[in-house]
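Q: Listed below, chain by chain, are the residues.
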Amino acid sequence: SQKIEQNSEALNIQEGKTATLTCNYTNYSPAYLQWYRQDPGRGPVFLLLIRENEKEKRKERLKVTFDTTLKQSLFHITASQPADSATYLCALSPSGNTGKLIFGQGTTLQVKP
Amino acid sequence: DTGVSQDPRHKITKRGQNVTFRCDPISEHNRLYWYRQTLGQGPEFLTYFQNEAQLEKSRLLSDRFSAERPKGSFSTLEIQRTEQGDSAMYLCASSFRQASTEAFFGQGTRLTVV
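From first to last, the protein sequence lines are chains B and D.
When you line the first sequence up against my numbering, it's residues 1 to 113, in that order.
When you line the second sequence up against my numbering, it's residues 1001 to 1114, in that order.
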């Protein structure tokens, strides 16, 4: 069956450290994968998109990798800050050009000062 | 504010009642999506429109659910004969009609069925 999985356990790290979140998928061949941030009671906010032919993408303190052989994406936040505390969702578009997204369950990140 | 707007933000209803939610997408976006999110889970796709045409519906969307997007502008999602299992956050998103573009989400409508 098709699945997209993220660590369900919360990730707790110290301010200034690098947070690494994992997204694994099975039985999909996505052309691209996206990462979103969601704060409690609010809608998701887009962060980064990486295509299947890209190994790595960066934006300020954020870095995403995409390994289509391992069927895995890693999301890194360097020099983490308490304001980075949120739930992070990975999402892929299963097929075609609909823009429809399939989301993982999200990983909650808590950055402690 | 030119973001995606959803109304109401919160709705409490009694089981068996009908409810309707509205979504106003970003004006130049021709794709509009509805998702449902329960606690501790990621958003689940319900349906999507390209302009006024509803092009895909999830199996999650039972016959009690109906969505419309008249004239390709705002959209409504109606749930008839609500059940407690319908309690969730209903999210609307919009995007451009291109492959691999980001989705812009509204703040959602929190539905509680009592």
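In case anyone wonders, no lab produced these hints; they're calculated from the structure.
Using N, Cα and C, we set each Cβ at its ideal position, and we do this for glycine too.
A couple of the hints might just be wrong.
Claimed, not checked - Pairs of lysine-lysine residues, derived as DSSO-like cross-links and limited to a Cα-Cα distance of at most 30 Å, are as follows:
id, chain 1, residue 1, chain 2, residue 2
1, B, Lys57, B, Lys3
2, B, Lys3, B, Lys63
3, D, Lys1057, B, Lys3
4, D, Lys1057, B, Lys71
5, B, Lys55, B, Lys71
6, B, Lys55, B, Lys3
Said to hold, decoys possible - Label pairs and their calculated CB-CB ranges:
id, chain 1, residue 1, chain 2, residue 2, range
7, D, Arg1081, B, Thr20, 43 to 53 Å
8, B, Tyr28, D, Ser1062, 42 to 52 Å
9, B, Gly41, D, Glu1078, 22 to 32 Å
10, B, Thr22, D, Arg1059, 27 to 37 Å
11, B, Glu54, D, Asn1030, 33 to 43 Å
12, D, Gln1084, B, Gln72, 32 to 42 Å
13, D, Arg1081, B, Thr69, 39 to 49 Å
14, D, Arg1059, B, Leu70, 28 to 38 Å
15, D, Pro1070, B, Arg42, 23 to 33 Å
16, D, Pro1008, B, Leu70, 42 to 52 Å
17, D, Gln1041, B, Gln110, 10 to 20 Å
18, D, Glu1083, B, Gln2, 19 to 29 Å
19, B, Lys17, D, Ser1062, 43 to 53 Å
20, D, Glu1083, B, Lys17, 14 to 24 Å
Q: Take the hints in turn and mark each one as holding or not.
A: Results for each hint:
no.: 1; hint: B:Lys57 x B:Lys3; verdict: holds, 23 Å
no.: 2; hint: B:Lys3 x B:Lys63; verdict: holds, 23 Å
no.: 3; hint: D:Lys1057 x B:Lys3; verdict: holds, 19 Å
no.: 4; hint: D:Lys1057 x B:Lys71; verdict: holds, 27 Å
no.: 5; hint: B:Lys55 x B:Lys71; verdict: holds, 12 Å
no.: 6; hint: B:Lys55 x B:Lys3; verdict: holds, 22 Å
no.: 7; hint: D:Arg1081 x B:Thr20: 43 to 53 Å; verdict: holds, 45 Å
no.: 8; hint: B:Tyr28 x D:Ser1062: 42 to 52 Å; verdict: violated, 25 Å
no.: 9; hint: B:Gly41 x D:Glu1078: 22 to 32 Å; verdict: holds, 23 Å
no.: 10; hint: B:Thr22 x D:Arg1059: 27 to 37 Å; verdict: holds, 28 Å
no.: 11; hint: B:Glu54 x D:Asn1030: 33 to 43 Å; verdict: violated, 27 Å
no.: 12; hint: D:Gln1084 x B:Gln72: 32 to 42 Å; verdict: holds, 37 Å
no.: 13; hint: D:Arg1081 x B:Thr69: 39 to 49 Å; verdict: holds, 48 Å
no.: 14; hint: D:Arg1059 x B:Leu70: 28 to 38 Å; verdict: holds, 30 Å
no.: 15; hint: D:Pro1070 x B:Arg42: 23 to 33 Å; verdict: holds, 28 Å
no.: 16; hint: D:Pro1008 x B:Leu70: 42 to 52 Å; verdict: holds, 43 Å
no.: 17; hint: D:Gln1041 x B:Gln110: 10 to 20 Å; verdict: holds, 19 Å
no.: 18; hint: D:Glu1083 x B:Gln2: 19 to 29 Å; verdict: holds, 27 Å
no.: 19; hint: B:Lys17 x D:Ser1062: 43 to 53 Å; verdict: holds, 45 Å
no.: 20; hint: D:Glu1083 x B:Lys17: 14 to 24 Å; verdict: violated, 44 Å
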